[in-house]
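Visitor: Build the full structure now, drawing on both the sequences and the hints.
Protein chains: 2
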Amino acid sequence: MIAEMKVMLAEKYGFCPGVRNAISTAEKVLADKGRVYSLGPIIHNPDVVERLAKKGLVTVDNVEQVPAGATVLIRSHGASYEEISHLKQKNVDIIDATCVLVKRMQQIAVQMEREGYKVVIVGDKNHPEVRAVLGCTGNAVVVGDEPDISKTGSGRLGIVCQTTQSPEFFGRMLSAIAGAGFDELKVVNTLCKEAIKRQQAAVELCLKVDIMFVLGGLESANTRKLAELCKKYNSRTFHLQNWDEFDKKQVFGCKTAGVTAGASTPQWIIDDFVKNLSEIDAG
Amino acid sequence: MIAEMKVMLAEKYGFCPGVRNAISTAEKVLADKGRVYSLGPIIHNPDVVERLAKKGLVTVDNVEQVPAGATVLIRSHGASYEEISHLKQKNVDIIDATCVLVKRMQQIAVQMEREGYKVVIVGDKNHPEVRAVLGCTGNAVVVGDEPDISKTGSGRLGIVCQTTQSPEFFGRMLSAIAGAGFDELKVVNTLCKEAIKRQQAAVELCLKVDIMFVLGGLESANTRKLAELCKKYNSRTFHLQNWDEFDKKQVFGCKTAGVTAGASTPQWIIDDFVKNLSEIDAG
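Those protein sequence lines, which keep their order, are chains B and V. Here the numbering used here is used: the first residue of the first sequence is 1, the next is one more, and so on. Here the numbering used here is used: the first residue of the second sequence is 1, the next is one more, and so on.
No wet-lab data here; the hints were simulated from the structure. Careful, some of the hints might be misleading.
Just so you know, same-sequence chains aren't split out, so a pair can sit in one copy or run between any two.
[Claimed, not checked] Result set (DSS-like, lysine-lysine): computed pairs, CA atoms no more than 25 Å apart in a straight line:
| hint | residue 1 | residue 2 |
| --- | --- | --- |
| 1 | LYS232 | LYS6 |
| 2 | LYS151 | LYS197 |
| 3 | LYS151 | LYS193 |
| 4 | LYS6 | LYS248 |
Guide: Laid out in structure tokens, this is it:
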């Protein structure tokens with residue numbers, strides 16, 4: 001007798017409006033131009049990048065690699081003001097698919113600096129979103145953990161946060177910054193509500209199941225944050241890119257499985273995973 | 001043989017510039033006018049209040065009790081804009097001895113409100129300094145502990161702190177406010193550096209001695225904060241107003257004693273206490 005695995009999906013998961021916009025923009029421009037350059041992977045999902053590459057999207061590492069006169073897509077994570085001005089000098093056609101929340105954060109950081117605040121970006125210094133905001137400001141600093149606090153100084157600090165971090169992390173860093181002494185803090189909540197909803201739904205679900213799968217690119221910050229949170233509440237949590245990475249040993253003894261996916265994980269990968277997992281013999 | 005108690009004073013203790021200014025202002029005006037009204041006790045120290053009362057300082061509870069045409073002293077904790085305007089209507093001579101840091105906090109709170117922030121005052125809602133700031137704003141709220149956070153809402157919050165609180169308390173409340181969700185926080189550090197220095201010196205000293213005495217009025221917020229901090233690090237901590245409250249049983253078995261005093265505790269009370277304590281037989 002085959003006992004099928006009971007698979008449950010999180011209340012909220014997968015593509016966010018920013019990612020959806022970046023992909024549909026890319027598809028529209030590709031249909032028109034045939035070849036478009038993307039400054040870095042358009043989203044942190046290799047499957048989607050591969051699909052779009054077949055349609056003519058060329059991923060480059062930096063502005064140098066963009067030919068003059070080409071069409072360039074600015075991905076949802078944004079680009080620094082320096083990169084944009086460099087692109088303009090090359091006389092390229094710029095298609096801006098920066099997520100509106102990321103754009104807002106860039107503008108807030110620039111405005112804070114204009115108002116005399118030292119800008120502090122709470123987040124991962126290696127993430128392209130954070131690097132782009134950093135590149136829009138003169139001398140911002142990034143705080144990724146407690147030891148970084150020493151970099152902020154104790155004057156007038158203007159604080160923003162990488163959009164895909166969790167409120168807990170933002171709150172913890174804020175408390176540490178305040179505890180180190182300051183004259184004035186201006187803190188704007190730049191967290192993405194969509195990302196927070198995915199985090200809450202993932203935690204809720206992982207508490208109810210024997211095993212939890214978080215689907216998405218290994219480079220995807222929001223997917224990694226989902227996996228990190230779920231692991232806290234359900235140690236049997238796996239961050240997989242797609243069904244190819246599934247191993248039957250993972251579900252040994254499990255009768256219920258939860259599935260969620262990051263904001264850059266396409267629906268087809270989730271559907272494929274859920275279908276295959278449901279058919280696993282959990283007996 | 002008499003074994004004398006070794007008494008050590010904290011590195012920093014006693015009168016702060018704000019209190020010193022309020023008292024010297026009162027003495028100057030009393031010498032000139034003979035009778036001066038104080039809106040509430042000039043400082044939270046009954047001994048000092050009694051001394052000044054003998055020179056003609058009349059403490060009243062509210063503006064109603066001030067006769068028209070009299071001379072009124074605004075104490076270091078300040079007064080609300082409403083009280084000041086009420087006093088002006090009575091055609092009294094106003095002598096303003098509000099501590100410059102309290103005045104600054106009032107101005108910051110009013111400015112924040114003008115900029116559209118909901119003002120949050122972190123501190124004790126019953127303390128006259130906090131009540132005065134509250135009375136300068138339209139609809140500020142006071143946060144004295146975690147359950148108060150629900151009063152702040154989650155919009156644009158402008159946050160200040162009662163000058164005599166500790167950085168730890170301010171940081172803890174900030175973290176709780178941020179954790180409850182917000183759009184924007186503007187936080188100005190309104191803590192008094194003099195008070196912080198007294199707190200640090202008190203903690204340092206209380207760790208080195210068998211018993212710790214914190215001298216000052218029981219209503220004095222900064223003295224209470226000193227005692228609260230010392231109690232955390234040395235459970236044998238006593239908050240006394242003066243030598244009259246000393247009980248020999250307190251020092252039983254102690255060879256070393258630490259002494260500190262709040263910002264409103266006059267030097268003569270400290271000198272008297274230290275002299276008497278040093279002569280105690282600790283054998």
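Visitor: Okay, which hints does this one fail, numbers in order?
Guide: Checked against the structure, no hint fails, so every one of them is satisfied.
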